[in-house]
Amino acid sequence: MEPAPSYKTLPARYYTDPEIFRDEMERFFFDSWVCVGREDTIPNSGDYFLRDIVGESIIVTRDGSSQVRAFYNVCRHRGTRMCSAAEGTFAGRIQCPYHGWTYGLDGRLLGAPHMDEATFRREDYPLHEIAVGLWDGHIFLHSGQKRTPLSEHLGILPAKFAAWRMQDLRLNKRFVYGVKANWKLIILNYNECLHCPVLHPMLNRLTDYLGADNEPPSSTYIGGAMGFRGSTETMSIDGKRRRDYLPGLNEAERSAVYYYAIYPNLLLSLHPDYMMIHTIWPEAVDRTKIICEWYFQPAEDTVDDAIEFWDTTNREDWSIAELSQAGIQSRAYTPGPYSKREALLHAFDQVVTKREPT
Amino acid sequence: MEPAPSYKTLPARYYTDPEIFRDEMERFFFDSWVCVGREDTIPNSGDYFLRDIVGESIIVTRDGSSQVRAFYNVCRHRGTRMCSAAEGTFAGRIQCPYHGWTYGLDGRLLGAPHMDEATFRREDYPLHEIAVGLWDGHIFLHSGQKRTPLSEHLGILPAKFAAWRMQDLRLNKRFVYGVKANWKLIILNYNECLHCPVLHPMLNRLTDYLGADNEPPSSTYIGGAMGFRGSTETMSIDGKRRRDYLPGLNEAERSAVYYYAIYPNLLLSLHPDYMMIHTIWPEAVDRTKIICEWYFQPAEDTVDDAIEFWDTTNREDWSIAELSQAGIQSRAYTPGPYSKREALLHAFDQVVTKREPT
Amino acid sequence: MEPAPSYKTLPARYYTDPEIFRDEMERFFFDSWVCVGREDTIPNSGDYFLRDIVGESIIVTRDGSSQVRAFYNVCRHRGTRMCSAAEGTFAGRIQCPYHGWTYGLDGRLLGAPHMDEATFRREDYPLHEIAVGLWDGHIFLHSGQKRTPLSEHLGILPAKFAAWRMQDLRLNKRFVYGVKANWKLIILNYNECLHCPVLHPMLNRLTDYLGADNEPPSSTYIGGAMGFRGSTETMSIDGKRRRDYLPGLNEAERSAVYYYAIYPNLLLSLHPDYMMIHTIWPEAVDRTKIICEWYFQPAEDTVDDAIEFWDTTNREDWSIAELSQAGIQSRAYTPGPYSKREALLHAFDQVVTKREPT
Numbered sequence: 001m002e003p004a005p006s007y008k009t010l011p012a013r014y015y016t017d018p019e020i021f022r023d024e025m026e027r028f029f030f031d032s033w034v035c036v037g038r039e040d041t042i043p044n045s046g047d048y049f050l051r052d053i054v055g056e057s058i059i060v061t062r063d064g065s066s067q068v069r070a071f072y073n074v075c076r077h078r079g080t081r082m083c084s085a086a087e088g089t090f091a092g093r094i095q096c097p098y099h100g101w102t103y104g105l106d107g108r109l110l111g112a113p114h115m116d117e118a119t120f121r122r123e124d125y126p127l128h129e130i131a132v133g134l135w136d137g138h139i140f141l142h143s144g145q146k147r148t149p150l151s152e153h154l155g156i157l158p159a160k161f162a163a164w165r166m167q168d169l170r171l172n173k174r175f176v177y178g179v180k181a182n183w184k185l186i187i188l189n190y191n192e193c194l195h196c197p198v199l200h201p202m203l204n205r206l207t208d209y210l211g212a213d214n215e216p217p218s219s220t221y222i223g224g225a226m227g228f229r230g231s232t233e234t235m236s237i238d239g240k241r242r243r244d245y246l247p248g249l250n251e252a253e254r255s256a257v258y259y260y261a262i263y264p265n266l267l268l269s270l271h272p273d274y275m276m277i278h279t280i281w282p283e284a285v286d287r288t289k290i291i292c293e294w295y296f297q298p299a300e301d302t303v304d305d306a307i308e309f310w311d312t313t314n315r316e317d318w319s320i321a322e323l324s325q326a327g328i329q330s331r332a333y334t335p336g337p338y339s340k341r342e343a344l345l346h347a348f349d350q351v352v353t354k355r356e357p358t
Numbered sequence: 001m002e003p004a005p006s007y008k009t010l011p012a013r014y015y016t017d018p019e020i021f022r023d024e025m026e027r028f029f030f031d032s033w034v035c036v037g038r039e040d041t042i043p044n045s046g047d048y049f050l051r052d053i054v055g056e057s058i059i060v061t062r063d064g065s066s067q068v069r070a071f072y073n074v075c076r077h078r079g080t081r082m083c084s085a086a087e088g089t090f091a092g093r094i095q096c097p098y099h100g101w102t103y104g105l106d107g108r109l110l111g112a113p114h115m116d117e118a119t120f121r122r123e124d125y126p127l128h129e130i131a132v133g134l135w136d137g138h139i140f141l142h143s144g145q146k147r148t149p150l151s152e153h154l155g156i157l158p159a160k161f162a163a164w165r166m167q168d169l170r171l172n173k174r175f176v177y178g179v180k181a182n183w184k185l186i187i188l189n190y191n192e193c194l195h196c197p198v199l200h201p202m203l204n205r206l207t208d209y210l211g212a213d214n215e216p217p218s219s220t221y222i223g224g225a226m227g228f229r230g231s232t233e234t235m236s237i238d239g240k241r242r243r244d245y246l247p248g249l250n251e252a253e254r255s256a257v258y259y260y261a262i263y264p265n266l267l268l269s270l271h272p273d274y275m276m277i278h279t280i281w282p283e284a285v286d287r288t289k290i291i292c293e294w295y296f297q298p299a300e301d302t303v304d305d306a307i308e309f310w311d312t313t314n315r316e317d318w319s320i321a322e323l324s325q326a327g328i329q330s331r332a333y334t335p336g337p338y339s340k341r342e343a344l345l346h347a348f349d350q351v352v353t354k355r356e357p358t
Numbered sequence: 001m002e003p004a005p006s007y008k009t010l011p012a013r014y015y016t017d018p019e020i021f022r023d024e025m026e027r028f029f030f031d032s033w034v035c036v037g038r039e040d041t042i043p044n045s046g047d048y049f050l051r052d053i054v055g056e057s058i059i060v061t062r063d064g065s066s067q068v069r070a071f072y073n074v075c076r077h078r079g080t081r082m083c084s085a086a087e088g089t090f091a092g093r094i095q096c097p098y099h100g101w102t103y104g105l106d107g108r109l110l111g112a113p114h115m116d117e118a119t120f121r122r123e124d125y126p127l128h129e130i131a132v133g134l135w136d137g138h139i140f141l142h143s144g145q146k147r148t149p150l151s152e153h154l155g156i157l158p159a160k161f162a163a164w165r166m167q168d169l170r171l172n173k174r175f176v177y178g179v180k181a182n183w184k185l186i187i188l189n190y191n192e193c194l195h196c197p198v199l200h201p202m203l204n205r206l207t208d209y210l211g212a213d214n215e216p217p218s219s220t221y222i223g224g225a226m227g228f229r230g231s232t233e234t235m236s237i238d239g240k241r242r243r244d245y246l247p248g249l250n251e252a253e254r255s256a257v258y259y260y261a262i263y264p265n266l267l268l269s270l271h272p273d274y275m276m277i278h279t280i281w282p283e284a285v286d287r288t289k290i291i292c293e294w295y296f297q298p299a300e301d302t303v304d305d306a307i308e309f310w311d312t313t314n315r316e317d318w319s320i321a322e323l324s325q326a327g328i329q330s331r332a333y334t335p336g337p338y339s340k341r342e343a344l345l346h347a348f349d350q351v352v353t354k355r356e357p358t
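Chains as they are written, first to last, in the numbering used here: chain A, 1 to 358; chain B, 1 to 358; chain C, 1 to 358.
Hints were generated in silico from the structure; no laboratory data involved. There may be inaccurate statements among the hints.
[As the list claims (entries may be wrong)] The list that follows gives simulated cross-link-like pairs (lysine-lysine, BS3-like), each with its CA atoms no further than 27 Å apart: (1) K289/C - K180/A; (2) K173/C - K180/A; (3) K180/C - K289/B.
Could you build all of it, start to finish, from the sequences and the hints given here?
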């Protein structure tokens, strides 16, 4: 038998070079579909939230026809950032607090006081709009020119995860974490459980770290399922399930967690009785913000066991991501060998370096 | 009638590029007249204050002949910053705290312990001096080579504002503000009142935002007068005047505020009964310190109405300047159209881009 | 008599340019012997401390044969920084907290879970080791390729200072200071006492600032002795000696302090009754961390007089170093003249600029 090729981690520059970071931000965050949140947080016309994409403030709102829209938070008059509150509800229009230019929820400029009527045409100055795509309650944005349909980006996932009925779940809790590590280290950490015995003793009691059933990697996502150990029924502090199963799941779907990283920034963790979502927000080559949200069926109110479990696990992961960043920045760092248990990581590295998957 | 040309705001780089910032600092702050303070704050020989010009610490003092002098705060021996306290009084000399080199208030090196008498000549090592210009109590400095007379920089202003007798006024209050915005956004904000109805409800009750009587812009200053509405007599929380008119003002001068931006950093606001001065101190391309001072006739002690009014207005302005900075940094920002009410801003933009005024 | 040449301080860029700083870090801190601490702080096998060399975390430990070893704190698997606590004791091995790779105290990889046995060879992945040199209890590291023996770097010093029996002394106190100044300004400040009358009134009562007996400078160290004034017997708040003389010192060695700067980062101050050590840790071109430690004979417990004296003096020095940094950053700074009392500084400057000593 010929020995398997030995795949190695990426060179340090991918985690330390601000130029590579800027290039990655262009490719993955501005010229790709990015998950920015969930539809159920803006149920009514005029509801909005702001999302910061690598320093760009974006308004995500619902227009008069209940359509989700996204705009750069920049007035067309003198460039003022119009909206400061992280979330809220517009009274039917978006007004700039500087000189009062006023836009409809569809982005059209409605009023521009004292502009010269002879030369000024309001239709020339709508808000800069960003394309929106929706999937089962998830809101995706695409700021770039080379836009492919969201469905192409998602591949088989909509069909695969239809049974979870994600659009019926409701946000219960949101934690925001700051991590001093490159965004890709968060992705790498999420996609292998080889570290679970050492780093996550609590988690490791619930699932078998060698038992991941990974799907062949695609160019837009990676992931797989991990079956529960013994009597475990969900990921919680003791493995007990305190909520109804999500309706529509079959036996197999009830007996595992599905962990999928949808590039660049959505970590989708589907449990038998709830959904956890991480969205990843790079701030600098060595600094990342992570929003973690827990979604349950509307009637559920016992949730702390799941939140506490994952908050503990999250903090263990962020801590090791920071140590990874610190070590990779060393002059002594050289790419190290992946084991076969880390195959998904190599697949992601190849997407990053624009090579064909191997 | 031919439509007026549509003037637009400057490209984003003027507010975000550190290189352009450095160039502007050279042109406007080191190779131009800059207002650093007022004579009445250093009445006696040896009195001094420090002023920080884009990171350069400058000593402004009054020498033995009561002449105002300015020096770089740098010892000629090993470069030590000599003076740390923001203001005070020298006991007839300036001594370096490191090895005791001692200078006169005129900058001459008086003592340099243990230098080799055979080769060392004290006259070779005076403090580096900066040119001083005075106008009606205002102290200006010019650090550059291509120095024009201050009178040329000020143009008609000394004659125009002689009636206010600024040299007779005394400092009552000083506020220092930090603003996360490019210094030019402070100038732009000061020179139009189109934003007053939306941003400054209190101010807008006192003057008519459409009533500015602007002077044709010069290459070194812009400004104009705004007449009071109704029974308003000065800018204060209720428009009431609680102080005597400044002596020497005629009826027209008593019925308006004169707002002048003298490039690069003096915002001179002459009221019927007091003077307000902002000096603008860029710290980085996106960060500016602003010193705001209120000057009254020496006998006046009712001042809070004016200070409170302007402190509120200042904070509204700094807040919108920060939102402007944030928005202009966006990739979505493009130059937007000025209205005719913003003509002075276009004039300033042209000075910045070294074009002829149009 | 021909006048002596007038030596001047270095151009500002040596204290302000990040590129020059990086070059200096390579030459002086990574490709040279650097003092990282003392053997007596890790007496037993498995004891360790971490040292940060310009952002590189280094593990300094004692292996199973009691030999001092140093390793980059970087796991060979995925680059994780393994060890976070500043000091402690390893239980016979160093384990990475991410996936559990385990190394011996000699750096050999002992365990790497789930690596493919067919292709993976543990002997290919030892910790990256750094060369260690020892002198009388001082631990030196050399990270570079062009390694000369430590004895060459130290020249006559081991013979000269043998009488102090430094290896018998024990750490009593450690202070860590942060100084906003270039690392070389700390060296310059240490190597002349011309500043003592102005800056250090307390110190100046104990030694004659003109009485330094300096050795001809070498390319790796500079220094000299300063004799005590009058009845002074050591450096302490009142000049009184509250401890036994170190055994083995002769009359001359008992009547002076020996101040030696061993490049790049060890300031060795040998007193008749104790040893003080500063190690200098550059963090940025304008920021330096300084570790100051006091070592006494094991039986001594009266130490506060010496510590208090030097802590006061240290703070005076750091303060003036910060003012030096601030002044040298000025556009007005130009190299200034050294006196003959500052000859060692010129010698150090020549090492920095790679010129032959003059």
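Violated hints, by number in ascending order, as checked against the structure
Number 2 - this is the single hint that the structure violates.
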